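If you read the sequences in order, they're chains A and B. If you're matching positions, the first sequence starts at 1 in the UniProt record's numbering and goes up one per residue. If you're matching positions, the second sequence starts at 1 in the UniProt record's numbering and goes up one per residue.
No lab work stands behind these hints: they were computed from the structure. Small disclaimer: the values here were computed from a predicted structure and weren't measured. Misleading hints may appear alongside valid ones.
Given that identical chains are not distinguished, each listed pair holds provided it fits within a single copy or across any two copies.
[Stated by the list, open to error] Derived DSS-like pairs: lysine-lysine, alpha-carbon spacing no greater than 27 Å straight-line: (1) K272 to K118; (2) K127 to K272; (3) K127 to K191; (4) K24 to K56; (5) K272 to K135; (6) K74 to K127; (7) K272 to K65; (8) K325 to K212; (9) K191 to K118; (10) K65 to K127; (11) K74 to K18; (12) K135 to K85.
If you want the building blocks of each chain, they are given just below.
Protein chains: 2
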Amino acid sequence: MPVNYPSEFQGFAITDPKDWANPKLTSFQPKNFEAHDVDIEVECCGICASELFSLKNEWSDAPLKCLSSAYGPKSQVVGHEVVGKVVAVGSDVTLCKVGDRVGLGAQCFSCMECPRCKSGNEQYCPKAVGTYCAKYADGYVSQGGYASHVRAHEHFCFPIPAGLPSELVAPLQCGGLTVYSPIKRNIQGVKDPKVAVIGIGGLGHMAIMISKALGAEVTAISRGYSKKEDATKMGAHHFIATSEEGWENGLADTFDLILNCASSTTALDLDKLLPCLKVNKNFVSVGLPHIGEVFNVRPFTFFSNGCCIGSSKLGNREEIIELMKLAVEHNFRPWVETIKVSEAGVSEGLTRLDKGDVRYRFTLTGFHEFFGTGK
Amino acid sequence: MPVNYPSEFQGFAITDPKDWANPKLTSFQPKNFEAHDVDIEVECCGICASELFSLKNEWSDAPLKCLSSAYGPKSQVVGHEVVGKVVAVGSDVTLCKVGDRVGLGAQCFSCMECPRCKSGNEQYCPKAVGTYCAKYADGYVSQGGYASHVRAHEHFCFPIPAGLPSELVAPLQCGGLTVYSPIKRNIQGVKDPKVAVIGIGGLGHMAIMISKALGAEVTAISRGYSKKEDATKMGAHHFIATSEEGWENGLADTFDLILNCASSTTALDLDKLLPCLKVNKNFVSVGLPHIGEVFNVRPFTFFSNGCCIGSSKLGNREEIIELMKLAVEHNFRPWVETIKVSEAGVSEGLTRLDKGDVRYRFTLTGFHEFFGTGK
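Model the full assembly from the supplied sequences, consistent with the hints where possible.
As structure tokens, this is what we get:
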């Protein structure tokens with residue numbers, strides 16, 4: 001079926017979390033077009049682990065939000081590592097123009113007026129709206145990028161430097177930014193920084209490349225040795241397998257940042273990991289667990305070095321633009337396997353990601369051919 | 001019995017944690033006198049909650065360390081908020097001289113050679129020795145300041161400015177420094193900082209005064225309203241009782257630091273407290289719980305602001321000297337109730353502190369009269 005744009009978009013949607021692995025092609029009404037909105041005709045879209053949590057509805061105790069959307073579809077399209085072409089801009093848009101190639105990550109709106117928006121922390125704006133599964137002030141529930149088009153506030157449509165292939169720059173929009181922001185914020189101004197990256201997967205493999213590009217000495221930490229060769233190719237200077245007894249010996253007082261990119265923290269031995277930090281440094285989790293999971297760590301564990309633990313969410317516009325520039329200057333690219341978009345392709349990507357069968361990131365491609373767009 | 005100094009010190013000691021509330025007067029051998037050691041003739045000594053944990057042996061799963069001391073007593077004297085006069089200095093001592101009034105806090109030794117010692121973080125030196133209950137490299141287990149004398153490395157004997165009464169400056173040596181260091185480190189360079197202090201007790205009441213002196217707008221957080229008037233007198237600009245339903249309303253994105261001075265974290269609702277922090281700021285615990293207690297908090301809780309939680313231990317020499325100068329310049333003093341030292345006095349102080357019957361800090365005084373020193 002041809003896309004009836006701009007009154008309708010097409011995308012791959014579910015209506016029940018039980019069907020998370022089999023989104024179906026559907027047409028749906030986009031949100032109302034506002035003065036700062038931009039329509040992106042999607043060229044490709046990365047597959048992020050967030051999609052699994054969202055489609056399975058594991059980050060919420062309530063029913064899927066789309067079921068109570070004030071207007072638009074009662075079904076849910078995900079996808080928030082979008083690359084595409086601007087095809088329409090609202091009356092007040094100044095940050096991009098029709099024809100630009102832009103990226104869109106996991107956030108599509110913030111208020112632009114609160115202290116957080118005004119201080120480069122729009123990702124923590126209380127009125128922030130995620131690119132999918134999130135309710136706008138007008139009651140519409142956002143629809144993501146496994147679609148012909150996606151609509152977003154201009155602030156979250158990022159200019160992509162020439163020379164970066166779309167399918168490789170897609171994973172930077174969410175996963176890349178998610179690791180770039182805490183790495184930069186934690187090692188900025190540190191002389192000869194040392195960064196440990198736990199979990200060599202979709203997030204971790206970008207964290208290694210980014211840390212190295214930012215000048216850090218990088219230690220990759222994995223359970224076993226299966227990813228050692230890859231980690232070295234990504235740029236890790238050291239590799240540690242925590243299955244090895246005594247792995248922590250000699251690592252006390254070493255790191256300026258430990259970035260946890262594993263999706264769960266419960267499997268981690270924080271009593272061994274935290275003492276590897278230098279004094280007053282941070283252990284930051286970006287891999288998102290089930291909503292009920294807890295950090296299980298004793299206040300006493302922190303006394304060896306006065307360290308802290310926490311989590312970090314996405315990053316700001318300036319940071320994603322910096323990150324893409326860094327990728328050009330240091331010539332690193334996410335390791336991407338592409339899958340042609342279709343119901344079968346989306347299903348394959350989600351199912352294989354759920355099994356961990358990806359090294360290290362999927363990008364869905366071929367949107368123009370599938371949706372008959374790109375003309 | 002007269003003190004047989006310098007071959008013996010006298011102090012109030014226990015041999016069994018069951019007797020924690022009734023230390024007995026005893027004579028004991030001090031550690032061997034090294035080139036950087038200083039002997040302090042004690043004038044007065046604060047009572048810190050650490051003493052309760054140590055005497056009850058609640059910070060350890062092993063028997064009292066003194067029972068395996070390589071030499072010296074098989075009994076334990078506590079006390080680590082000491083003020084007294086230098087009566088002997090080792091051959092290499094340059095930081096103080098006989099006759100000086102000095103303070104000694106919870107640490108009596110560090111290696112002076114490791115990266116932490118060389119970067120103003122000697123409190124996190126892997127070879128640090130606590131003022132009591134801690135084993136020196138030579139196997140001696142340190143003995144504290146409920147005593148006629150105490151022996152410590154010169155680096156931890158701090159010059160006390162004239163004009164600060166000894167019984168009021170004693171609580172600064174451990175408790176004061178413990179809150180000063182994280183307050184300073186977390187609000188340094190922040191414009192118009194806002195600090196929340198949880199727990200208006202021995203640590204918290206000093207944290208309020210110190211935060212205010214450092215230029216912060218201070219919010220005192222307590223369970224009920226019983227300490228509201230006191231908190232205001234200490235300098236708190238705002239007061240919150242968490243027994244009040246909806247206490248957290250309007251506090252999102254407010255604080256640059258939440259300092260937890262309560263001795264337990266399990267009673268705290270971190271899901272409500274952490275969102276009160278500004279972006280990327282810290283919740284720091286200094287009140288020490290039972291060794292088995294855990295932080296129970298979800299990674300998701302941190303996503304509203306990218307905050308972190310952790311603990312902080314003591315502070316460095318420079319910080320305690322700064323703190324005492326600040327107390328002079330801003331004319332604040334800990335709120336102290338004095339108790340004359342004796343077996344009965346020590347027992348009264350420990351027992352009342354255990355019940356929380358103190359506003360807000362005890363200092364044991366009258367050491368000269370009791371031990372026949374000070375001549």
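Next item on the list: Indicate which option fits the pair K325, K212 if close means a Cα-Cα distance not exceeding 27 Å: within, between, both or neither.
Entry: Cα proximity of K325 and K212: one copy only (14 Å, versus 43 Å across).
Margin query: I want to check one pair: K127 and K272. Are their C-alpha atoms no more than 27 Å apart within a copy, between two copies, both, or neither?
Written below: between (38 Å within a copy, 18 Å between copies)
Checklist line | Up to 27 Å CA-CA - K65 versus K272, copy category | finding: Close across copies (24 Å), not inside one copy (40 Å); limit 27 Å.
Next item on the list: Up to 27 Å between alpha-carbons, please classify K272 paired with K135: within, between, both or neither.
Entry: Only across copies: K272 and K135 sit 23 Å apart there, 41 Å inside one copy, limit 27 Å.
Checklist line | Intra- versus inter-subunit Cα pairing at 27 Å for K127 with K191 | finding: between (37 Å within a copy, 25 Å between copies)
Check: Taking 27 Å as the upper bound on the Cα-Cα distance, should K74 and K127 be classified as within, between, both, or neither?
Finding: Close inside one copy (22 Å), not across copies (62 Å); limit 27 Å.
Notebook entry, point to check: Should K74 paired with K18 be assigned to within, between, both, or neither, using CA atoms and 27 Å as the limit?
Noted result: This pair counts as within: shortest intra-copy Cα distance 15 Å, inter-copy 66 Å.
Next item on the list: Using 27 Å as the alpha carbon limit, work out where K135 and K85 are close: within a copy, between copies, both or neither.
Entry: The answer is within: 25 Å in one copy meets 27 Å, while 67 Å across copies does not.
Check: How would you label the pair K65, K127 (within, between, both, or neither) given a Cα cut-off of 27 Å?
Finding: Answer is within; shortest intra-copy Cα gap is 16 Å, inter-copy 55 Å.
Next item on the list: Could you figure out if K24 and K56 sit no more than 27 Å apart (CA to CA) within one copy, between two copies, both or neither?
Entry: within (15 Å within a copy, 64 Å between copies)
Checklist line | Within, between, both or neither: K191, K118 at alpha-carbon 27 Å | finding: between (29 Å within a copy, 16 Å between copies)
Next item on the list: State whether the alpha carbon distance between K272 and K118 is at most 27 Å within one copy, between copies, both, or neither.
Entry: Between copies only: 24 Å across, 39 Å inside.
Of the numbered hints given earlier, the model fails none.
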